[in-house]
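Residue numbers (numbering that gives the first Met the number 0), protein chains in the order written: chain A, 0 to 315; chain B, 0 to 552.
By construction, these hints were calculated from the structure, which means they are not laboratory data. Here the structure is a predicted model, which is why all the values come from computation and not from measurement. The beta-carbon is built from N, C-alpha and C at its ideal position, and this holds for glycine as well. The reader is advised that the hints may include incorrect statements.
[Claimed, not checked] Some, not all, of what chain B presents toward chain A, calculated at C-beta under 7 Å:
#1 Pro-85
#2 Thr-86
#3 Lys-169
#4 Ala-276
#5 Ala-280
#6 Gln-282
#7 Ser-283
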Amino acid sequence: MRFLLRRLVAVPLTLLGVSVLVFVTTELVPGDVARTILGREASAESVARLRGQLGLERPLPARYADWLGGFVTGRWGESYTLRVPVRDLVLDRLSASMLLAALAFALLVPVAVTLGLVAGVNHDRPMDRLVSVTGLALGATPEFVTGVILLVVFAVRLRWFPASAKAPDGSSLLARLGHLALPAFSLVVLCTGYVARHVRAGAVTAIESPYASAAELRGLTRWQVVRRHVLRNSTISATSALGVQLQFLLGGLVTVELLFNHPGIGALLLSSAVDKDLPTLQATAMVLGLLYMLIVLAADVAFRLLDPRIRLGAAS
Amino acid sequence: MRELPRPFDRPGPPVAAKHVISAAAVPAMTRRTLLAGTGGGALALLLAACGTGDGVASQTGADTTAKASAPPRPGGTLRAGSPPPPTAVDPVTMYDGSAIAIVQLVAEYLIWLDRDFSLKPRLAEKWESEEGGKRWAFTLRQGVTFSDGTPLDAETVKASFDRLLDPDSKSAALSAFDTVLAKGGVSVRDAATVVFTLERAFSDFPYLVSAGNYNAVILKKDYAGNFTKKPIGTGPFLLESYDAASGATFTRNPKYWEPGKPYLDGVQIKFYADDQADLLALQSGEIDAQILSRPQLVGPLKGIGDITVDQVQGTGLTAFTLRTDRAPFDRKEARQAVAYALDRPGVNATVYDGIGALGNDHLFAPLFPAAPGDVPQRAKDPAKVAELLGGQPLSFTLTYDPPSKDYALTVQNQLKQAGIQVELEQRSSADFYGGDQDKDTPWLFSTANLVGWAGRATPSQFVIPMVKGGGVWNGSKYANSALDAAADAYDAAQTDDERKAQAEIIAKALHEDVPVIVSVWSGTVRAYNAGKFTGIQAHPSSYVDFSSVSQVV
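Excised from the complex, chain A in its bound form:
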């Protein structure tokens, strides 16, 4: 409990540091915001007028204080380019990203854990090499390659799935998930190898441990040993790997979101950076920073729950 409290207190402090970093770096990005918004052909007078309207002439600390105060109190401002409330924009994109991440994660965990266990149980055998090499190869293949192949085969040729991840407005959850099937599958292909390798490593260690040998000597079948002893120990080492993947799935998707036309938060981060839409860029970065911290915290908590040795160590 003390661990959890300590980590929870650290979250806002870290976020404060992140806010300074985010604000300063986005402000220091080369190029004039007003010039970027109005274009190269706008007159100097128009650019100066817009700079004044956006408050860009004010000192950086004053603008930071205003921005931070607004962010904390839920007033995230208006997008420079789209002229819509930033909070609605970011949260809308975040919810879309979370739905895709949830689907991909729900598919990833059983697939990766099963494959990792199969490889671990059969380590140094052909099945182990098959799983490891295939996972490595697919993981090393850029997502725009696997994504394009999936799209061409399943959307263009076979027409089993829609090419666009964006379902029409008013679609049911099932229909929305159908639209998300191809991007989710693409992500599973991408991430499975990495997680499976961690599970495999944990499984190999567990299988070769004295307690597993003792269990087998007591007459348990291989399957029983795997189910009762190896599975849990394998997932301990995979927890942090899954945490990293969840971070990636929630905020690190740009290529997949663009390729499958999924309006997620990764694409928003990119577009706001390219278009110099600072209020959107800053809010998106802050939200992602908070999410990353919460995911790391959740992974640490899960790690402790899965491994009693850590709990006992902490207690002592």
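Given the coordinates of chain A, work out where chain B should sit on it, guided by the hints.
Same frame as chain A, now just chain B:
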């Protein structure tokens, strides 16, 4: 495998194409170009390889016209793909192709700029010049109403132009009207006649109030910048819904002034932030047409299924600007040597997928009616290069931003073959177009640079700012009093012959002095499913007129 999330992983090299209709926007790397260099070519080849080859090939405007002449079949909804507009859709400030397309479905211009650069009456039935081209009177079409029932009148038209001419509007139209029409220059003669009093005679003025000046749509007097929330126009469709992330839906305007039109029941524009997603949607049947097609991507799809690629010449260019007041290009011979070292058909094939028209180092695209025909086409001539350089080595730095990367690499390679060394200096778009426009911005002050210019409606929109002495975008710092006088005379010309004569003077001066190398004029394409719809055409500026589109009979 990913150890850490990296949001900006693998951004592919941007390409020259950018779906911004005017050069009013900084052509920075766009979301749509993100994957272009990495997945675009591979995807096109993959799709082509998967094709059945039993469909329609690319077609010309004549083919399209022939198809469109069949009796139209009313009904149906056309689904078109387009990138999401980078800014809020506002007719006054818009500059990107998607926003312009959305507005053009709902609102109209006094005059439509057709694909062959002819002017077609829309809300104005006729127009005529007075006082030697210093005043223009436009007679409005009678019986036109806005979608809310408000009748169109001269006061409404005046209000639309007053809005654009207000410096606070921040409209790109301000630069189009620069030195020609100022605030207060629009007046009402009677309920059906609007009069424009110009700052100077301008014979091409109708182009400036046409779709060629895309912000010049006629909106209601009380328009307040909330177009997607209160979309009222006189156009063929009504905007029913708009979502910045997903797209827009339109229904037929039952009060449209042209009897029987539009033929479609509705239009749906779906946003795709990436070219590949847009293309795959067309391939999979999710959409029926593209608003902004890229030649490099749709070219390999010709002949696959029912996909048809319509093609048309344009007036956009990449200006290869040389500083005439700074070594090494203060010598005319050095500028001419670079021009003679270029293989223009090679540039066209490499950078423009072969759909452009060869440039001749002047600013009159073949599409402009006044384009001179008797300036000899410059071609690659190594012997001439050697003669002009006289054994002296020539090397220089070429500055550009990511959209011009392909062009820069092609130029570097071609000039190397002629013994001219080019050092490439790529800047970010924000950096390239940043800085002080009067002192140090790279796109106007570097020794040599590449600047992408989207198409213009009139040659004067290139000549006056780019090469006239003191021009606001005169990056070559070129000064030629004879050209300046001819440019003024061109604008004031009263007859086509006079206009052509002045155009020839300007073109020959530019061809000889080479402040700007124009190797290729761009072309544009539009891909669509010809098995479902007919009447869809490419446009030099990628504009849309879906009032004549109908389902295939």
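Where does the structure disagree with the numbered hints, that is, which hint numbers, in rising order?
none
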